[in-house]
Each structure stands twice: as C-alpha cells, then as structure tokens.
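Visitor: Given next are the chains, with one letter for each unit.
Protein chains: 2
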Amino acid sequence: MKVLIVLAHPEPKSLNGSLKDVAAQALRENNHEVKVSDLYDMGFKATLDRKDFLNLQNPDRFNPITEQLHAAQTDGFAPDIKAEMEKIEWADLLILQFPIWYGGMPAILKGWMERVFASGFSSDMFQGKIYDKGLLKGKKAMLSFTTGGAEENYYMDLPDKDPASLLPVITENLKFSGFEVLKPFMIFGAIMLSEEDAEKHFVEYKKRIGEL
Amino acid sequence: MKVLIVLAHPEPKSLNGSLKDVAAQALRENNHEVKVSDLYDMGFKATLDRKDFLNLQNPDRFNPITEQLHAAQTDGFAPDIKAEMEKIEWADLLILQFPIWYGGMPAILKGWMERVFASGFSSDMFQGKIYDKGLLKGKKAMLSFTTGGAEENYYMDLPDKDPASLLPVITENLKFSGFEVLKPFMIFGAIMLSEEDAEKHFVEYKKRIGEL
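Chains as they are written, first to last, in the working numbering: chain A, 155 to 366; chain B, 155 to 366.
Simulated from the structure, these hints should not be mistaken for lab results.
Hints may be right or wrong, so weigh each one.
Unchecked claim - With a Cα cut of at most 30 angstroms, we get these calculated DSS-like pairs of lysine-lysine:
hint, chain 1, residue 1, chain 2, residue 2
1, B, 329, B, 287
2, B, 199, A, 199
3, B, 199, A, 167
4, B, 329, B, 293
5, B, 236, A, 199
6, A, 241, B, 205
7, A, 167, B, 205
8, B, 199, A, 241
9, B, 167, A, 236
10, B, 189, B, 337
11, A, 199, B, 205
12, B, 241, A, 199
13, A, 189, B, 199
Between the sequences and the hints, there should be enough to build the whole structure, so can you do that?
Guide: Written out as structure tokens, the structure is:
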C-alpha cells in the first residue's frame, strides 16, 4: 500500500510531529511505501492566487475555479501544486495529521486542500464528478488529529455523541472527491498530556496503523 | 463607529472585493471611520510559526499557545500581527468578508485568525477569559460571505434550516473572544450570478450596512 502522510505543525518535536514519525515508521515496518508532505518544513504556500497557474484563461479577472479547471486541462498548475497532485495520484491512502486550531485545520493545511484539491483534479462539480463519481475514487483517507482541550468539551454537543463526527466539513470535502474516509485517530487534551500518556497514545496509534 | 473590514479574496474585481467596496463606501457616507485589511493585497502571511514572535520562551520546542501568551505579556508579537491587533483594538465592529471555500474560511483568513486572535490577546482560556469574559468583549462582529452553490445545497441539512447557522465554527470562535456576533450577510450561488443580480445584492448590502 502506498501512503501519503500530510503533516501540518510547525514543530517537529510536537505531538503531531511525533505521530507522523510513528505512522511512517510503522508503515515502513509493515512493508508499505510512505511519502510525507511536512507542509511547514516545505515552506508550503498556503494562499491560493494567480501564481498557482502557468497561464491564466482570464487574466483580467481572476476566478479560482475557472483557472483550476483550465489548468487541469492544460497541465497548467504551478510546480509545487503539481508535485502534491502527483503524490496524491500515487497514494492509495492519505493520512492528514494536524492539530485542531480554532475548530478546524490549520491554515497551512486548509491552503493545501484549496490549492491541491483543485476543481478538475479532485472533483468536477460541473461534470457531476463528485462523491461516488469523484476523481479520486478508489482512494482512502484518514484524519489523525489532536485537540487542545479535553474530550468532553468537543463532542457533548454532537447529536450522535460520536467524536468521529467532530470534523464533518473535512470529512465531507474528502468524500466529495471520492475518498472512502476511515475512522479518525484522535488525541484529546494534548495541552495536558504527560510524556507517559503520550507514549500510550503512540502505542495505540502504531496498533491502529498496523490494522490498516 | 469604528469599523474594520477584513477581506479574503485574491481578486479585487471579485464579488467579495466589490462587497468590501460597497461596505466601506456606505459606512463612510454615514460618517463612520473605516479601516480595511485586504489580506491578499497585503501579502498577509497565513502560517503561524516561530517568526511570529520577537523572543521565544522555549526555542527548543515551539508551542504556539505558550508563545502567544508570552508575547501578549512582553509585547513580543511580530510587527504584522501587532498592526492587526491594533486595528482590532481600535474597532467597534469587525466585518469579515470572504467566500466559503471547502466549507469554511479561505486559508489566508484562517491564518489571520490563528495569528492575530492570539491567546492572551483575544482570550485566555487558562484565566477563564472566554465568552462573556473574553478579552474583546464589547465589540461586535459580522460575517459577510458568499457561496459558490445555490442556497438549498447549504442549509437543507441544518437542524434549524437557518442559513445564519451555516458557519457555526467561525461564529463560535468570535463569541469565544467576547464578540457579539450580528446576523450574517449572505450571497448564495455566486458562480451563477448575473451582473443585474449582483447589483441587487449590493443594494441590499448597502441597506444592511446603513442599519448597523
């Protein structure tokens, strides 16, 4: 199995950085191929703009969706975006590793999704290439995330009391492109975590990875 | 009234760019003071990292929350962040103007929130300075957003069928810091909008601004 891990944390020694290492090592030990996009380490550009396209269809008025569709047909994406697209095409499984910041993905990961999950590459709503007809159909995705606060703060208000439905927006975005979204791996209360508890989580995560 | 408008769109001629202009003009005609943070025009850095801080409390292992609290106490935020904080402190009303991309704020605006709504500046959960004790209590905020798709796609699944609850995460983030969040201004189906319909929306928005 080919696995792309996308990490969104500025500190390699962080819990998220460590989880990326745990997953990469466990996958390789199980003879899977692993690529890692460590977005902060790459200095990944988070902002979608004109520079994302080699030739604009309408330079007078920049419309992101129009230009993405045009670029998909003319191989016109900027090199950094194209490189990420090639990793996604290569991968069978996408793991997104991130802390929840202000209720969602860190901006650098949101930007990765906006720039790389381009119309015409991941989906095409104008052609009905969404959900089970999404362009990335056949691939799987898993969210591995951490939260600052304790578990009960996060899902007491969820109708099904199921932490797995904590990030419906991201899950929906992935499904929209055709991904089968696996159960997430979650660590709550990261702020208060002791070294000992962190180690326990690493063991759990390694086990989870082994079951993939 | 002092109003800060934060715009997150790469194209000045876009619907969002035009709405920013409509609001700024209407507010000034009503003798309000207006400041604008056009994030793309400013080349605003979306990614929270070590460079956001003039002196790190713990350079060995970068922890964003710890460093934000430290910077709040030592006037240690980078100049671009400090400038935005000063605008927020100055403002009575904050208007966020943005398109919904992948179900939420564009990455550049998410990054603005992560870097500028810093722990110790907008709230302090460790001191209980949240919600009605939030550090920005007394200020008001309004979301003005556009969506690509038609209205019914967006709120049919909401329990209260109320489009105003479409962006609960952002609304919650603002309330967490003490803002009173006003009813949003929304334009659905931006992709299909004719010039004529756009003009009608501008008239509606100008009227809404006049009632603030």
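Visitor: None of the hints should be skipped; say for each whether it holds.
Guide: Hints versus structure:
no.: 1; hint: 329(B) to 287(B); verdict: 10 angstroms, holds
no.: 2; hint: 199(B) to 199(A); verdict: 9 angstroms, holds
no.: 3; hint: 199(B) to 167(A); verdict: 23 angstroms, holds
no.: 4; hint: 329(B) to 293(B); verdict: 10 angstroms, holds
no.: 5; hint: 236(B) to 199(A); verdict: 22 angstroms, holds
no.: 6; hint: 241(A) to 205(B); verdict: 29 angstroms, holds
no.: 7; hint: 167(A) to 205(B); verdict: 17 angstroms, holds
no.: 8; hint: 199(B) to 241(A); verdict: 26 angstroms, holds
no.: 9; hint: 167(B) to 236(A); verdict: 27 angstroms, holds
no.: 10; hint: 189(B) to 337(B); verdict: 21 angstroms, holds
no.: 11; hint: 199(A) to 205(B); verdict: 16 angstroms, holds
no.: 12; hint: 241(B) to 199(A); verdict: 26 angstroms, holds
no.: 13; hint: 189(A) to 199(B); verdict: 27 angstroms, holds
In summary, this structure violates none of the numbered hints.
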